[in-house]
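Enquirer: One letter stands for each residue in the lines below.
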Amino acid sequence: MVARWILLALLPIVAGVALLQTRRLSAIIGMGLFSLVLAAVYLLMHAPDVAITEATIGAALVTAIYVLAIRRTGRLTVVADEAPGLIAREGDEIVGLEYEILDGFARQVGLDLSIQFVPLRRVRWLVSHQEADFGAGGMIPCADDDETLTSTPAHLETGVFTFPAASAAREHSAPRELPDYEGYYADLLEHDKDGTIAATAKALDLARVMSLGRVGAALEGLDRLDGTFGYAFLVSKRRTSLQRDFAAYLRQLRDSGRLNELIQRHFT
Amino acid sequence: MRKDRIRIIAAIGIVLVFAGLVSVMHLGSAPDPSASTRFLARDLEETGASNRVAGVYLNYRLFDTLLEVLVFSVAVLGVRHYLQQSEGMELPDLSESEVVRTAVIFLTPLALLLCAFFAILGHISPGGGFAGGVIAASGLLYVAIAYGMRAMEKRLNPARLVRVEEAILLALLAFVLLPMVFGRTPLSDLMPKGTPGQLLSGGSILVYNILIALKVLVGAWAVIAAFAQHRGEL
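Protein sequence lines correspond, in order, to chains A and B. Reminder that position 25 of the first sequence reads as 24 in numbering that gives the first Met the number 0, one-by-one numbering, no gaps. Reminder that position 201 of the second sequence reads as 200 in numbering that gives the first Met the number 0, one-by-one numbering, no gaps.
No lab work stands behind these hints, which were simulated from the structure alone. Do not rely on the hints blindly, as some may be mistaken.
Facing chain B, a subset of chain A residues (Cβ under 7 Å, in silico) [what the hints assert, rightly or not]:
{"id": "1", "residue": "Ala39"}
{"id": "2", "residue": "Leu43"}
{"id": "3", "residue": "Pro47"}
{"id": "4", "residue": "Asp48"}
{"id": "5", "residue": "Thr52"}
{"id": "6", "residue": "Thr55"}
{"id": "7", "residue": "Ile56"}
{"id": "8", "residue": "Ala58"}
{"id": "9", "residue": "Leu60"}
{"id": "10", "residue": "Leu67"}
We put the CB at the ideal spot given by N, CA and C, even for glycine.
Isolated chain A (complex conformation) (with noise of 0.2 Å):
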């Protein structure tokens, strides 16, 4: 007779508590917790067909149902090319000025950040697919972006420099240990070690220019393009109220100086 009433007083507070979630996936184990609360009062007031019931419905088959709905509608999913500074991996963290702003987004939205690194031109047919929400990684908007893609507002100021056209072979490199995906800067990285990064890229944005000077390649000739650029995420043009959300949560960050902050601790 007491537990009874202690589970039905238990049945509103773990209502709330599952309403009161940010994060979907924690509101969906809430609601599967509420039903089988339910069914252990079911089955104290003798009713073990309704608890049974109630457990398979309610705790297991609704709750796999929702858990299969948010598989992607719960994950902010982000493809990126590795930028070391901005998102590039540490270990088995991934790091950077860039991750941090998309984290802080996910958790203020109630989604789960997803990230994958892959080739810089399969981030914008990902996005443009809507395979991914953000292509992150050093984008730099240009003006001739496709009819499909478009751009959060900036993030950070950056520079782009151009290469001669003819590149001399230059000494070797420093060893570096090379990342296991294909991608646009494993590419720099790869071809740094005969002398042709000139013949993989024709242009190059600041912090893959300064990380592949830390590296030891050797940058010679660089020109710095004319104009102001700055990084920002690609997003998919159809995706207007996530560009609103993102350009809402970037506006915060910035006018409460956290983003200043944040580019302190990574740019110093």
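Since chain A is already given, all that's left is putting chain B on it; use the hints.
Expert: Quick look at chain B alone, frame taken from chain A:
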């Protein structure tokens, strides 16, 4: 801000209306106390099922249960009909981590075993065909979560499964109408009552439970597969 306020007011209104309905139901209902005692006194010998609940909904109230099964069929039919109008999409090939896969290897056989247990012993112990079918469908759903929908589709063709579901429904209807052949009213129980508590007891309840479990299992799976097929996700 204004939208939020409207939402809060609407939520409070819904809670109040619900509370009002519950209290009206609670105050206004006057159950016939003699009905339950009458059922409890006689249903064991009349139905032969030691699970009294099964005795009520698969014998006395078989007509209600039959219509519930029909409602379920209509739901499956509706989902398939409306989803067929949208063109098919490439199935997502998402699959989960090793942890989930390993857990599913243990969970799904257990779910299928529970389904058989509830369906076959539904007239003796709590359970029944409906709960059993849902448990087995959950088991299949776990496999779909762990290994991806595409891998499941190869083994369980949903288009063929719908035929199976329809066949089970027809079998159920034929079984219900069978007594007419012997000159008795439809829905009446042809099978021997047996000794309550034994596996072969409770007349036709065992048959109904197994048929309903199969039907719910196939129907629920068909709905899940149709969503995955036509929306690219669930």
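Enquirer: If any of the earlier hints don't hold here, list their numbers in rising order.
Expert: 1, 2, 8
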